[in-house]
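Colleague: Heads up: the protein sequence lines correspond to chains A and B, in order. Going by my numbering, the first residue of the first sequence is number 1, and it counts up by one from there. Going by my numbering, the first residue of the second sequence is number 1, and it counts up by one from there.
These are computed hints drawn from the structure, not numbers from a lab. Take these hints with a grain of salt, some might be off.
[Said to hold, decoys possible] Interface residues of chain B toward chain A, partial, derived using beta-carbon atoms under 7 Å:
(1) 10
(2) 57
(3) 60
(4) 62
(5) 177
Quick caveat, the model's predicted, so the values are computed rather than measured. Think of the CB as a built atom: it goes at the ideal place given N, C-alpha and C, for glycine as much as any other residue.
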Amino acid sequence: MAEEKRLMKGNEAIAEAAIRAGCSAYFGYPITPQNELTAYMAKHMLDKKRVFIQAESEVSAINMVYGAAAAGARTMTSSSSPGISLKQEGISYACGADLPCVVVNVARSGPGLGGISPGQADYFQSTRGGGHGDYFHIVLAPKSVQEAADLTYKAFELADQWRMPVMILADGLIGQMMEGVIFQPAIDPASLPRKPWATGHQADTHREINHISSIHLVPAELEASVRARFKRYDQIKAVESRYEEVNVDKAELIMVGYGTSARVALGAMELARKQGIEVGLFRPITLWPFPDKRLGELAAKGKRFLSVEMSMGQMIEDVKLAVNGKAEVSFYGRCGGMIPTEEEVLAEIRRILKK
Amino acid sequence: MTEKTFMAGFGGQGIISLGQLWVYCGMKEGKEVTFFPFYGAEKRGGVARASVIVSDHEIASPLVTAPDSAVVMNMDSLPLCEEVLKEGGTLLINSSLVKVETRRKDAKVVKIPCNELAEQIGEVKIANMVMMGALSKVTGAVKLDKLEAVLKTFFPESKHKFIPMNLKAIEAGMAAVK
């Protein structure tokens with residue numbers, strides 16, 4: 001039987017989806033605008049006899065995630081921009097130790113303490129390996145409450161499949177707004193595939209001790225380990241890039257936007273159509289791996305692009321790399337917690353197309 | 001049909017509940033909905049605002065920038081609503097607290113004495129429900145025919161005794177629209 005459609009905040013939908021995806025250990029520390037996520041976990045995880053800990057800091061929470069992941073749990077932490085910066089050391093360690101976990105960033109505006117309004121200025125940090133060392137991890141960007149829930153299930157799957165942290169990069173608007181959402185059925189954590197690499201239970205099973213660490217003091221060994229991980233990155237790039245396209249064939253100009261910006265761009269597209277201007281939208285769903293192949297194909301067809309962001313221009317660098325000089329790429333962005341309006345984006349479209 | 005509504009009042013007037021119940025009912029009536037509260041350092045007495053959209057189609061931007069209708073629950077909200085309302089849009093004004101005329105001559109103005117009507121029913125706190133009844137009557141975007149069931153899930157069991165009063169407020173709001 002299909003589940004009933006529920007009205008929920010994005011933050012709550014991510015939390016509910018995580019529980020249903022079999023998250024058995026959540027560690028968090030409060031920060032606006034993601035607090036409903038931690039609150040939902042506090043309310044529901046203990047009932048299900050799962051682990052919920054409000055840690056003493058963000059640094060502590062991500063290291064608890066490291067421990068739970070090493071013990072084989074489906075585990076998650078969530079925060080917002082300044083808190084995610086604090087977690088970067090732990091994310092780097094988890095990447096170095098090949099530990100699957102889910103990290104949710106309900107991003108706000110920065111830099112520094114910045115403001116609590118929505119922002120997309122954490123794109124570089126999320127997609128370039130925000131901590132130290134040579135690494136990447138998958139980054140998923142939902143555009144709606146429904147997709148926030150769907151991508152949360154997906155994040156746990158991908159984390160386990162590729163043995164890496166997966167980040168859900170939302171923003172304060174996606175987290176705070178309410179929309180209808182239908183959840184997929186709950187997964188019994190006991191039914192999930194075993195993780196033979198995990199630590200623990202050696203005394204019961206007498207199996208060989210597993211060591212989980214990111215340390216390699218012999219340079220040649222470390223190089224081999226990083227190279228092996230980058231081979232996996234190539235495989236991920238080949239199969240995991242996701243995107244949505246709207247009206248790209250007819251479009252004179254294709255907007256590129258993710259999350260909230262994509263919703264605004266979609267509105268601008270509707271306004272443009274009423275004025276007889278055909279524009280399209282290319283929406284990356286995975287920010288890493290960035291769907292560069294498809295964007296390159298569109299550039300080869302002679303399309304021009306407008307990157308719409310809630311930042312001073314970060315994703316535009318990936319758009320330019322994908323387009324590789326074959327097409328013009330323009331930018332429109334707001335920052336500091338301001339959300340671009342459909343009307344502003346339309347005005348920019350008209351300016352570029354001289355219409 | 002797409003009805004974009006901007007709602008504003010002071011913290012404590014039930015703007016957030018009004019917006020949530022509006023979209024909850026819309027969703028139960030088969031519509032696509034979004035509700036986005038302007039979160040910040042709001043507190044009782046500060047300005048509370050919400051962007052609310054109900055549509056037959058997929059909703060693009062959840063941020064309402066040129067609303068078809070605007071709900072003005074107190075004096076401070078009037079300039080906010082006047083600034084954003086689209087050309088020829090509808091201003092629904094709580095005339096119990098807003099005693100001045102709007103400067104938006106293009107707007108369709110609907111005045112509802114929400115506080116008085118709520119007090120007549122017995123509780124000034126349900127002034128927001130009176131306004132929701134008026135909003136339904138004026139826009140037709142949400143019929144509110146599933147409100148009773150929605151209130152049963154929205155309120156905890158201990159508050160169910162207040163449901164009949166809320167339904168009366170909705171009716172009063174609908175009736176107040178001439």
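Colleague: Using the nearest Cβ pair, does residue 177(B) come within less than 7 Å of chain A?
Modeller: At about 26 Å, which exceeds the 7 Å cut-off, the nearest Cβ of chain A leaves the hint on residue 177(B) violated.
Colleague: Verify the interface restraint on residue 57(B): the C-beta must sit less than 7 Å from at least one C-beta of chain A.
Modeller: violated (9 Å)
Colleague: Against chain A, run the beta carbon of residue 60(B) and see if the smallest gap drops under 7 Å.
Modeller: Where the cut-off is 7 Å and the nearest Cβ of chain A is about 3 Å from residue 60(B), the hint holds.
Colleague: Using Cβ atoms only, decide whether residue 62(B) comes closer than 7 Å to chain A, and label the hint accordingly.
Modeller: Residue 62(B) check passes; min Cβ-Cβ to chain A is 5 Å, inside 7 Å.
Colleague: Is the shortest C-beta separation between residue 10(B) and chain A less than 7 Å?
Modeller: violated (20 Å)
Of the numbered hints stated above, those contradicted by the structure are hints 1, 2 and 5, listed in ascending order.
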